[in-house]
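Since the structure of chain G is provided, determine the placement of chain R on it from the hints.
Now for the letters of each chain:
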Amino acid sequence: MTPLSQLLPGQYGKLSSLNPERAVDQRLMALGLLPGMVLKLIRRAPLGDPLAIEFGGQVVSLRLAEAESLIVDVAADCPVQRPQKLS
Amino acid sequence: MSAKEITVALVGNPNTGKSTLFNALTGLRQKVGNYPGVTVARKSGRCDCGDGLKVELVDLPGLYSLAAASPDEQVVTDVLLGSLEGSQQPDAIVVVLDATNLLRNLFLASQLAELNLPLAVVLNQADVAHEQGLKIDTQLLSQRLGGVPVVLTSAWKGEGIASVRRAIAEVLSKKTKMARLTWPAQVESALGSIVSAVQSDTGTAPSMADAQRILFSSNAHTSERLGWTLARREPVIRQARDQVRAAGFNPLAAEPLIHYAHLRKVLEGVTSGGAGKQGNAAALDRVLLHRVMGPILFTGIMLGLFASVFWLAKFPMQWIQAGVDFLKSIVAPALAGTPMLQSLVTDGILAGVGAFLAFLPQILILFLFVGILEDSGYMARAAFIMDRLFSWCGLNGKSFVPLLSGFACAIPGLLSTRTIEDPKARLATAFAVPFMSCSARFPIYALMCAAFIGPLYGPGWESVVMVGMHCVGLIFAVPTAFVLTRFILKVKPQPFVLELPRYQMPKPRDVLWRMWQNAAEFISKAGTVIFAITIIIWALCYFPRDAQMAEKIRAAEPTLSTHELQARMQAAMIEQSWMGRFGKAVQPVFDPCGFDWKITVGVLASFPAREVIVSTLGVTYSIGKGAEADSNHLRQAMQEAKWLSGPRVGTPIFSLAAVLALMVFFALCSQCGPTIATLAQETGGWKWAAASFFYMTILAWVMAVVVYQTVIRIL
Chain G
1198 MTPLSQLLPG QYGKLSSLNP ERAVDQRLMA LGLLPGMVLK LIRRAPLGDP
1248 LAIEFGGQVV SLRLAEAESL IVDVAADCPV QRPQKLS
Chain R
19 MSAKEITVAL VGNPNTGKST LFNALTGLRQ KVGNYPGVTV ARKSGRCDCG
69 DGLKVELVDL PGLYSLAAAS PDEQVVTDVL LGSLEGSQQP DAIVVVLDAT
119 NLLRNLFLAS QLAELNLPLA VVLNQADVAH EQGLKIDTQL LSQRLGGVPV
169 VLTSAWKGEG IASVRRAIAE VLSKKTKMAR LTWPAQVESA LGSIVSAVQS
219 DTGTAPSMAD AQRILFSSNA HTSERLGWTL ARREPVIRQA RDQVRAAGFN
269 PLAAEPLIHY AHLRKVLEGV TSGGAGKQGN AAALDRVLLH RVMGPILFTG
319 IMLGLFASVF WLAKFPMQWI QAGVDFLKSI VAPALAGTPM LQSLVTDGIL
369 AGVGAFLAFL PQILILFLFV GILEDSGYMA RAAFIMDRLF SWCGLNGKSF
419 VPLLSGFACA IPGLLSTRTI EDPKARLATA FAVPFMSCSA RFPIYALMCA
469 AFIGPLYGPG WESVVMVGMH CVGLIFAVPT AFVLTRFILK VKPQPFVLEL
519 PRYQMPKPRD VLWRMWQNAA EFISKAGTVI FAITIIIWAL CYFPRDAQMA
569 EKIRAAEPTL STHELQARMQ AAMIEQSWMG RFGKAVQPVF DPCGFDWKIT
619 VGVLASFPAR EVIVSTLGVT YSIGKGAEAD SNHLRQAMQE AKWLSGPRVG
669 TPIFSLAAVL ALMVFFALCS QCGPTIATLA QETGGWKWAA ASFFYMTILA
719 WVMAVVVYQT VIRIL
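Sequences listed follow chains G and R, in order.
Terminal number for the first sequence in this note's numbering: 1284, no gaps in between.
Terminal number for the second sequence in this note's numbering: 733, no gaps in between.
For the record, the hints were derived by calculation from the structure and aren't laboratory data.
Since the model is a prediction, treat every value here as computed from it, not as a measurement.
Quick reminder that beta carbons are idealized off the backbone N, C-alpha and C, glycines included.
Just to be clear, a hint being listed does not mean it is correct.
[Said to hold, decoys possible] Computed footprint of chain R on chain G, listed as stretches where at least three residues anywhere in the stretch have a Cβ under 8 angstroms from a Cβ of chain R:
| # | segment |
| --- | --- |
| 1 | 1199–1208 |
| 2 | 1225–1238 |
| 3 | 1263–1270 |
[What the hints assert, rightly or not] Only pairs whose alpha carbons sit at most 30 angstroms apart, straight line, appear in this in silico BS3-like list of lysine-lysine:
| # | chain 1 | residue 1 | chain 2 | residue 2 |
| --- | --- | --- | --- | --- |
| 4 | R | 195 | R | 153 |
| 5 | R | 49 | R | 442 |
| 6 | G | 1237 | R | 153 |
| 7 | R | 332 | R | 525 |
| 8 | R | 283 | G | 1211 |
| 9 | G | 1211 | R | 332 |
Excised from the complex, chain G in its bound form (with noise of 0.2 angstroms):
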């Protein structure tokens, strides 16, 4: 359980949870970042923040601290993107 801040450029994780209270989970959920979702760290910009990461065939930048409540499980770097249910 890492939070998304700490993947390393070109890492893969598999997001465990968000928080859906918050506009900025609500806004990747559009998107199609659901649970289940395996996401890459692409880069981070020049400065440090904000991330560029990859999904379901997208890249979509975001801040650091806007990311603080997406959660991903490092092991996986499967290439399978089902989501699952949030509980």
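For chain R alone, kept in the frame of chain G given last:
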């Protein structure tokens, strides 16, 4: 016009090529306006769908979800629900999807299906999908979506446009609607309980789409619009959400989860090949977003942009100036018999037209570049690189281009704040832009440095002061933005979630068309205000006239040459004009800044356009009109100017303290009619324009007093 024009809404995610499609469908027969009460542009145009069927096509702002987090998204949702005052519900929807990312794009389409309107699906960027080896079975997709037409297009290449026209005609005649998803039983019953509760409490049944917004969205916009009171709705919504929770979904996450699960099934077997390809983006991003190369290339691109706005625009501006001068030289002799009319036409009307035409080259050039940056996909990268520098004070990476162009001219800078999606950051950026040291501030800095700083302290200090003055505005703009976003603006900030889209060659027609639209809007809106202000200031400086002025001056000093007499005349006329009298009356206000009445008149006359300060000083110091920053006469006259009365009698008016105070005043003061007019236009009212004017002007006065009083005590 028929009783009710058929309207069709064009909806889609950002970066789907929707605007290109819109331009192709309407052939640039477009109207641009604003939705009532909000600063969201309404673009519409006439689209010919064959067989004499003409519909009004409305291009709605791009959005990812109907959940309506931002004002732009709220407008789209309200337009589609027909609940926005002054706009009717569209008769049909054309939803534009990016063929290369169908799953995400279909989420919006799936939400739109809940509106129960006739709908056609356009899969745009088919050429890119083809290049990526992605195959789409449109027939199967159409079948899965309930028989709505599904059309493949490449708006960029102009392919498939005719079939979109046919599809619009088809859905309008057959009323084909997209299949709605089947909600899990408990969610369906939760939605049902909301529908019946709203009906019994307000008397009208809400649409299914409204019920979903109430159940799934955290904001209360829909309930309030329906007139469903908090006390009434609170228990109903809580119970309905408990039902959703019982089905195993977090209510705030249920909507995307259920839609996406449904859409995965819809897409099964529809697409094949090409999945997960990023195309050119990954390779280009390795260079353009590289830790070292990225910022270097960014700086290069932005310097190029700034240099173009600043230098390239000078030539057409000179032509405009020459054109206006030429007109004056033709008109002036023709009106020589009626001096008042002559002055009104040349110094009022022509000067007023020239004043706002002078901004056009900068606006056109900036928007040419902004269009290229946006359509190519680089603007999102620029925001990605710069965001860290701006996020701490409540702005975001997209604030950079407006602020940078503010150093050339605030007007194009303000217009380019439209690229910022977050309304809070947009407003704060618009508030900060006029602080940037625009090119119109340059003449007064140049004059003061050349006349006083240079001769007294040498060219080294001249450059230091010059650079320093360009930073003054920035130093005050940043804390202003911080305070504004932190404590004053009540607008909810939007999360900075930004798609980094595929790189693409900008389409010249789209870029040029948007450039023209921005210019036209500036002329039609701000232009009239600028023109009116110029005429008012002209009148204040012209009236009242003393017909015997020439004789009086000649009687007092009979040896004056014609040119000297002319200059004395102008000085005397402005002294006894309303502006001159007003300047003398309010001079005590500016006395703590070290300004005499002549500078005060210059300051007051500069409120519509600060660059006139140099020529006004030329008039008040009897050098005559047309004084330039490098005029030796003016420098000499100012160097010799002394206080004639009061406690400082005999000392030079332009002491170092007064010179610095004057420059700081001009660096901070809101002295630009066009800026105020544009600010009002872009923020949707005079409230923020007035706030900006008073804040900057009072700040300028305070800082000028601080500088003058400090320096005079140190030296």
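Hint check:
1. Counting residues of the segment 1199–1208 of chain G whose beta-carbon sits less than 8 angstroms from any beta-carbon of chain R gives 0, not enough to reach three: the coverage restraint is violated.
2. Only residues whose beta carbon comes within less than 8 angstroms of a beta carbon in chain R count, and the segment 1225–1238 of chain G has 6; three or more means the coverage holds.
3. As drawn, the segment 1263–1270 of chain G meets chain R at 1 residues by the rule of a beta-carbon pair under 8 angstroms; below three, the given contact is violated.
4. Simply put, residue 195 of chain R and residue 153 of chain R have alpha-carbon atoms about 25 angstroms apart, close enough for the 30 angstroms limit, and the pair holds.
5. Using a Cα cut-off of 30 angstroms, the hinted pair residue 49 of chain R and residue 442 of chain R holds, with the two alpha carbons roughly 27 angstroms apart.
6. Taking the CA atoms of residue 1237 of chain G and residue 153 of chain R, the gap is about 25 angstroms. The hint holds against a cut of 30 angstroms.
7. A distance of roughly 27 angstroms separates the Cα atoms of residue 332 of chain R and residue 525 of chain R; the hinted pair therefore holds under the 30 angstroms criterion.
8. Taking the CA atoms of residue 283 of chain R and residue 1211 of chain G, the gap is near 22 angstroms; set against the 30 angstroms cutoff, the hint holds.
9. Only pairs whose Cα atoms come within 30 angstroms are accepted, and residue 1211 of chain G paired with residue 332 of chain R is rejected, the gap being roughly 54 angstroms.
Violated hints, in rising order: 1, 3 and 9; the structure is consistent with all others.
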